[in-house]
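Colleague: What follows is each chain in one-letter form.
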Amino acid sequence: MSEHSPLAFEGAWALSPAPESSESAHIADHYGLFINGEFVDAEDGGRFDTLNPATESTLASVSHAGQADVHKAVQAARNAYDSVWSKMPSRERGKYLFRLARAIAERAREFAVIESMDGGKPIRESRDIDIPLASAHFFYHAGWADKLSYAVSGGTPRALGVAAQIIPWNFPLLMAAWKIAPALACGNTVVLKPAETTPLTALKLAELCQDIDLPPGVVNIVTGAGDTGAALAEVQGIDKLAFTGSTQVGKSLMRALAGRSVRYTLELGGKAANVVFDDAAIDQAVEGIVNGIFFNQGHVCCAGSRLLVQESIAEQLLERLQARMASLIVGDPLDKNTDVGAINSRNQLTRIEDYIDIGKTEGATLWDAGQTLPETGLFCRPTLLCDVAQSHRVVREEIFGPVLTVQTFRTFDEAHAKANNTRFGLSGGVWTDKGSKVFDMTRRMRAGVVWANTFNKFDPSAPFGGFHESGIGREGGLHGLRAYLSEARA
Amino acid sequence: MSEQRLAVAKTYKLFIGGKFPRTESGRYIAFESSTGEFVANVSRASRKDLRNAVVAARAALSGWCAANAYLRGQILYRIAEMVESRQAQFVDELMREGMTRDAAQYDVQRSVDWLVHYAGWSDKYMQILSAVNPVASQHFCFTVPEPVGVVTAIAPRSGGLFGLVSVLAPTIVGGNTLIVIADAAHPLTSVALAEALHASDVPAGVANMLTGRRDELLPQAVSHDDIDALLSADLTDDEWQLAQEQGADHLQRQPQLPTSAIRAPGDDGLEAIACLQEMKTTWHPAAQ
Amino acid sequence: MTEVTGTDQLWRDELTRQPAVDSVGVAERAARFQTRSIKNDSKRQGLLRVLSMIDLTTLEGADTPGKVRQLCTKARQLHQSLPGLPSVAAVCVYPSLVEVAKASLADTDIAIASVATAFPSGQAPLSVRLEDTRAAVAAGADEIDMVIARGAFLAGDYTRVFDEIVAIKQACGAAHLKVILETGELGSLDNVRRASWLAMRAGADFIKTSTGKVQPAATLAVTLVMLQAIGDFYRRTGKIIGMKPAGGISSAKLALHYLVMLQETLGPEWMNKHRFRFGASSLANDVLMQLARLHDGRYQSPQRFSRD
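Residue numbers (the numbering used here), protein chains in the order written: chain Z, 1 to 490; chain D, 1 to 288; chain E, 1 to 308.
Keep in mind the hints are simulated off the structure, nothing from the lab. Where hints are given, some of them may not hold.
Unchecked claim - To spell it out: a stretch of chain E is covered by chain Z in this simulated footprint if at least three of its residues, at any positions, have a beta carbon under 8 Å from a beta carbon of chain Z; those stretches are: (1) 18 to 26; (2) 32 to 40; (3) 175 to 183; (4) 236 to 248.
These numbers were taken from a predicted model, which means no experiment stands behind them. Where a beta carbon is used, it is the ideal one built from N, C-alpha and C, also for glycine.
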């Protein structure tokens with residue numbers, strides 16, 4: 001037993017590395033575009049590499065779709081819509097979605113590992129949240145396919161046609177499921193563009209579409225960067241655009257749709273307030289704050305990135321929060337004990353570090369627990385920016401990283417005024433033991449999702465989406481279906 | 001032989017924040033009958049009038065959206081009463097805008113009925129649009145509609161009282177506050193409606209009426225950062241393009257009513273309410 | 001009906017000022033500890049640490065001197081061939097068997113714990129419970145595990161609960177006092193937090209979840225709430241209180257997750273037998289089985305481990 005460290009019956013107990021095996025992850029050297037049920041190379045042969053952000057090594061090369069490829073994919077979706085999907089009995093359509101739900105569940109571990117390798121998120125999250133939820137989204141929407149007349153009041157629902165869908169890199173497979181499942185359930189066909197830094201699980205999903213014999217062209221996946229997304233928004237022949245990503249890109253897409261009869265839903269950025277009152281269940285609030293901002297490295301549009309704490313408990317809350325942050329394990333995304341994984345890309349890491357610098361310049365007091373970061377790869381410690389005010393950029397702008405600003409308030413009115421003092425309106429959090437205060441604050445918060453005494457909860461049946469510059473429309477649940485159905489009445 | 005009497009002409013003004021100001025610009029539109037006779041000078045609202053209306057609408061929003069549904073229904077019904085009791089005035093104005101007497105009477109009656117229809121929606125749409133979401137965790141999760149906020153409605157070119165009511169009623173019954181941009185060719189009815197609103201119990205600023213030119217006011221309405229939504233039914237392709245391009249800067253909601261909805265009462269009253277609501281999903285743990 | 005006095009009201013005021021507890025949030029946090037993956041050396045280290053924290057327990061009506069002597073033998077020698085094993089922290093027996101245990105363990109540093117105070121119900125006059133305590137101490141008990149008057153607590157008679165703990169503590173003399181809240185009877189995690197506070201204020205050296213005679217006994221969730229109360233008490237008073245979950249912890253894996261929870265909630269300072277104990281009868285063997293598996297690289301048969 002000499003290879004072991006000396007026995008210790010006191011003091012700190014270190015957790016040994018617990019890496020998830022990557023053997024189950026079958027990643028090809030190259031993935032083409034998934035058009036009309038087949039993987040094909042881009043017309044101009046364009047390719048790009050997708051990296052593992054924890055090591056910055058290449059995982060695979062992926063085709064880069066240009067305008068011609070996007071056009072081809074939309075044509076394939078149109079043909080599939082006209083010839084197969086719109087004619088299929090809705091119950092049969094639903095069964096394909098059930099199959100997809102099951103297929104994801106069957107290969108859940110492989111998907112989780114690839115998700116963590118391609119995107120940097122901790123395996124605990126991809127394993128326990130992303131992949132199961134993606135499967136659940138297909139399962140939930142599968143059941144809607146033959147019940148759509150109950151989803152609209154007083155009309156006969158009809159599909160829109162071809163849906164163009166552009167998704168971000170923070171929840172690659174889950175966002176693909178959020179987009180594809182309702183679209184297909186409502187009878188649309190889709191062309192989906194994954195983010196350029198995280199294309200792999202969407203392409204693996206394309207393999208599943210083949211495995212379950214989904215008719216060719218019902219789901220098409222075009223990989224590429226912003227230019228591919230722009231081409232998809234601009235191409236003629238789409239009936240609907242669904243986008244999740246930054247507010248800036250969302251606005252440009254809305255402009256691209258101007259004057260065209262293309263329906264759209266946009267899920268954009270956020271800067272959510274997480275409001276903690278002095279009567280809150282303080283230890284659960286601390287956990288909720290941590291879960292609110294450090295979940296998925298803070299790469300979450302609905303992250304609780306602004307902590308607003310009642311002044312009378314600010315000190316004790318911060319003490320507990322810092323103690324909790326010190327217990328967060330930052331490192332290898334594939335280690336089962338990692339709480340905070342790798343930052344998705346070098347660009348994003350630079351952006352986060354820039355914001356931390358801006359915070360310092362603006363006079364913020366910086367705090368982190370000083371975790372040792374891996375020597376290679378893209379990592380950022382969970383960070384607090386204290387002594388900030390509403391006028392600071394770090395309070396106003398979305399950082400999209402593990403950085404929490406900390407402000408205090410004195411009264412209820414001050415709390416909701418500060419909470420709503422933002423361009424965004426995606427989510428909010430409130431912590432109090434008093435029921436009437438919960439209802440009043442959740443009603444006053446101008447945000448599409450409000451978590452009271454909890455945070456960052458998601459469910460296929462729960463509508464999600466933003467007010468103001470956090471987006472237009474809802475996804476998920478009953479209300480999400482309406483975004484993929486025609487309003488035309490019988 | 002009766003003595004000749006000079007009629008007292010009415011000054012057609014804007015309706016902002018519960019008051020009837022003249023346009024700050026001093027500009028006017030000389031409104032002529034279909035046969036080309038001068039009828040009246042009508043205020044030609046400017047961008048500053050729009051700004052003032054937005055300020056009034058924003059100020060009225062928190063009170064109006066917090067007013068209970070029963071009260072909002074009562075007030076909608078009160079508007080219907082006021083319009084009904086002013087039938088003659090509305091018919092006169094509609095005729096001066098070019099309608100036949102029969103058409104005008106029919107239009108007013110339908111408008112009253114449509115207001116009553118929406119009065120009845122006030123305490124029902126929320127139940128229909130809401131949902132309790134059966135989430136797979138120990139939480140109680142529900143989704144309810146909330147008013148989108150300050151809305152500008154573009155009154156239809158086709159005119160008529162019904163056209164105005166079809167954008168006004170679903171907007172304010174849903175707790176939004178409103179600025180109507182009346183059609184330049186049909187300004188008289190809109191001012192009469194403003195007067196009826198004033199005589200109802202509609203709180204100041206909840207509904208504001210601007211007469212003026214669509215080509216001047218639409219670009220202001222879609223670029224104004226503090227207007228949450230634009231409601232329209234008959235934008236031209238060019239207007240629609242402009243609206244989306246400008247509105248994109250602040251993600252303005254721009255729902256369109258189907259043209260059928262501004263012509264006659266139909267079965268889509270709920271859709272018109274729903275398109276000006278934001279859905280809010282709330283989660284709370286459910287356990288002792 | 002119990003009379004609620006002015007002092008009870010003061011206690012009530014103090015206890016209701018304890019932080020609220022949201023049970024869903026607690027359950028989520030508790031589940032999160034269980035996602036920690038403990039491998040290789042950390043597993044071995046953790047298992048050894050668990051062994052060193054065990055109060056090896058027998059609390060049966062059928063207990064005899066023979067049974068207790070066997071238990072003590074096990075406590076001294078947990079396994080015949082595994083190297084480097086610690087001894088358990090204590091054996092825990094009824095007061096009538098303290099003398100037997102003391103004699104068996106005289107030459108060790110294994111402590112003798114005894115469940116005095118009319119265990120497990122506590123439904124005896126205070127004078128009897130005090131005498132029970134004194135007798136156990138006189139017989140050689142180093143640690144007394146007392147039960148609180150749950151009925152009085154639930155009735156709002158906090159003064160009585162407090163005063164009784166103070167009295168028992170006094171009767172303990174030099175012996176350490178562990179106060180059993182019997183959380184399975186307290187009805188809510190808010191009550192667990194409040195009872196924890198009351199016990200610590202009254203002089204408990206340890207607070208303990210359960211007698212093992214009531215279900216549910218120890219859970220991660222209830223232990224987490226008590227650990228958080230201990231943290232509060234430390235921040236407020238500077239006093240260090242120990243924690244003992246008891247009942248229902250029979251697998252090594254679960255015990256390791258308790259250790260994870262302890263470390264992530266109160267920190268490394270609490271990671272020793274002076275501040276944390278497991279009250280368990282069958283846990284030790286499962287831990288030994290896992291250690292043997294780590295040592296041999298083979299899965300083990302339970303028959304290779306002595307059952308006493």
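Colleague: Sort out which numbered hints this structure fails and list those numbers smallest first.
Modeller: Violated hints (numbers, rising): 3, 4; every other hint is consistent with the structure.
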